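S.K.: Read off the chains here:
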Amino acid sequence: MFRFIIRRLLITIPTILVVISITWVLIKLAPGNFYSGEKRLPAAIEKSIREKYGLDKPWYQQYGKTMWNIVRHLDFGTSLRFEGQSVNTIIRRSLPVSAAIGILAYLLALIVGVTIGSIAALKQNSRWDYTSMALAMLGISVPNFVLGPILVLIFSLSLYWLPPSRWGGFPSRNLILPVLTLSAIYMAYIARLTRAGMLEVLRSDYIRTARAKGLSEKDVLIKHALRGGLMPVISYTGPALAFLLTGTVVVERIFALPGLGNYFIQASLNRDEPLIIGIVAFISITLLFMNLLVDIAYAYLDPRVRYH
Amino acid sequence: MVAETLLAIRDLKVHFKLGGDRVVKAVDGVTIDILRGETLGLVGESGCGKSTLGRAVLRLTEPTSGQVFYRDRDLAHLSGKQLREQRRHLQIIFQDPYASLNPRMTVGQIVGEPLETFRLARGREVEQRVQELLETVGLSKRFTKRYPHEFSGGQRQRIGIARALAVDPDFIVADEPISALDVSIQAQIMNLLEKLRREKNLTYLFISHDLRAIRHVSDRVAVMYLGKLVEIADAKTIYQEPLMPYTKALISAVPVPDPRIEATRQRIMLEGDVPSPINPPAGCPFHTRCPYAIDVCKEVVPQLVEIKPAHFAACVRISPKMPHIEDVPPGAAPGLE
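As you go down the protein sequences, you meet chains A and B in turn.
When you read off a place in the first sequence, starting at 1, and then add 6, the result is the number in our numbering.
When you read off a place in the second sequence, starting at 1, and then add 44, the result is the number in our numbering.
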């Protein structure tokens with residue numbers, strides 16, 4: 007197990023370098039520059055800018071310098087648009103905002119989704135089952151850029167209960183609407199995954215064995231069924247949590263939150279090369295790490311899965 | 045043997061509703077006494093309802109109606125909590141040793157869980173008791189930390205038996221405990237069950253479609269066909285002198301381990317398949333395939349009658365006075381008189 011983890015971590019490093027390289031190439035291929043605007047800059051100014059940022063050098067030198075700084079110093083450079091701020095500083099500042107909302111949203115989705123999904127599975131084909139699964143379908147279908155403004159309209163602009171936007175620190179009432187908006191789709195998806203997983207497990211023979219042992223229905227569910235029934239939810243949690251942690255573009259935009267997602271979209275629009283690469287690298291690392299965690303959780307929860 | 049009734053099953057029915065008006069009558073009015081200390085063999089073709097009967101007795105499948113009396117209590121109508129308490133005394137060994145053990149629990153947890161549920165042992169005692177149980181069923185006591193997938197089918201079935209024994213039950217339903225195993229392992233498991241019965245004074249309901257296994261382990265045998273019991277007798281008697289035509293056909297299908305006798309063995313070949321339990325035939329369920337069927341068999345549902353002492357059969361064409369169907373005049377139904 008230990009060796010498995012070490013090996014997986016070692017594979018992570020080249021994977022991330024490949025991701026960074028592809029990102030770098032894509033940025034270079036895209037037309038335009040961080041300094042290009044509606045009006046064309048005078049040739050002399052453009053030349054001096056290109057010299058200042060090393061854009062006049064051949065591509066392999068630019069690529070080599072970028073990669074070397076990343077590999078050697080974990081330094082992604084300085085943002086081209088937010089002048090004087092290093093990419094690392096921006097990530098460090100905006101990550102807590104995204105992570106707070108993401109983790110809260112996923113926790114909420116997990117608690118509500120697993121509960122609803124389990125009940126739906128236990129009462130399969132009942133009115134409860136149909137209602138909750140229809141709601142879940144709705145939750146999956148309604149995009150969050152529709153749900154967010156609707157919630158704002160109801161709870162902020164009509165009822166005046168909650169602030170409509172902006173970051174208010176942690177914890178604060180400002181968190182409620184973005185967390186709700188963000189968690190809806192995950193909640194719905196987890197409810198469906200839980201229901202499907204639980205239905206499969208509840209049919210299996212060893213659940214009958216558990217009943218024959220004299221266990222109460224509660225113990226049958228918690229000790230025997232959930233561990234197997236939640237496996238699909240666990241494999242979903244890895245990528246889902248990675249994306250939630252690293253910020254969600256739409257929700258951060260709607261609620262004007264200074265999270266990673268918001269910076270990511272601005273960086274892309276501004277062609278802010280170092281910032282784009284930094285955020286992409288950070289998202290990849292988080293994703294790979296979350297997937298590793300999921301695999302470890304799998305081995306822990308299902309002894310038949312062994313890693314050599 | 046003192047014939048004390050341990051479990052009295054009365055008119056037990058298990059009907060499964062399908063869509064519309066269709067109902068599967070998996071178990072349809074079974075009445076039988078299981079005596080303390082005996083092994084009652086329950087035999088029948090696939091789909092005749094024998095496993096459902098075994099589960100319904102323990103309420104692992106909800107019976108539709110009827111009673112199951114154990115120590116003057118009707119198990120079929122106990123509440124959830126009272127029923128769970130009775131599970132200490134009534135256990136089951138399942139058919140499939142691969143699916144019936146939770147793959148995410150160690151052997152120690154699987155066998156030890158009932159001990160903790162009924163507070164039969166605590167802390168270290170659990171561990172110790174589990175090791176004893178494993179040795180009782182012929183496994184090494186070092187296996188407690190291992191998972192089910194690390195064992196062979198026969199070993200898994202032994203784990204299932206140890207789990208059933210953990211609560212020190214009176215009665216065990218052995219639901220096809222050997223049918224998923226290799227032939228070489230089947231004998232081992234049967235001998236183990238037999239040894240445990242003697243040592244622990246157990247009573248078994250041994251369900252199988254394997255007639256040789258049933259003969260080997262049973263004191264009495266009950267034959268089931270389409271949800272109904274059609275013949276009950278001593279194991280020896282039923283193999284030597286079956287009365288009901290279905291049992292006759294069934295017994296005639298058992299090969300004899302002597303080539304000379306085997307060569308001359310007369311088999312009664314049954315025509316057609318078992319009718320669907322969704323629309324079972326009216327009258328005697330067996331009349332569609334019975335070589336002795338007459339018109340009245342299509343109308344009258346035969347009841348189990350004590351044709352000979354302690355030998356019950358459900359067939360209108362035989363009676364205590366005329367027990368052998370071959371001797372009954374054509375067209376006569378002495379059982380109706």
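These are computed hints drawn from the structure, not numbers from a lab.
Quantities reported herein were computed from a predicted structural model and do not represent experimental measurements.
Wrong hints could be hidden among the right ones.
[Claimed, not checked] Taking lysine to aspartate or glutamate pairs in the DMTMM-like style, the calculated list, with each CA pair at most 25 Å apart, reads: (1) B/K125 to A/E52; (2) B/K69 to A/D211; (3) B/K69 to B/E106; (4) B/K239 to B/D254; (5) B/K61 to A/D308; (6) B/K342 to B/D302; (7) B/K352 to B/E370; (8) A/K63 to A/E52; (9) A/K224 to B/E106; (10) A/K229 to B/E381; (11) B/K57 to A/D211; (12) B/K61 to A/E223; (13) B/K61 to A/D211.
[What the hints assert, rightly or not] Just so you have them, the derived chain A footprint on chain B, three or more residues with Cβ under 8 Å: (14) 282 to 289; (15) 358 to 368.
[Said to hold, decoys possible] Listing some non-contacts, in silico: residues in chain A with all C-beta distances to chain B over 12 Å: (16) M7; (17) P37; (18) K63; (19) T84; (20) L114; (21) L153; (22) L221; (23) E223.
Even glycine gets a Cβ: it sits at the ideal position worked out from N, Cα and C.
S.K.: Check the structure against each numbered hint from earlier and tell me which ones fail, lowest number first.
M.R.: 1, 5, 6, 10, 14, 15, 22 and 23
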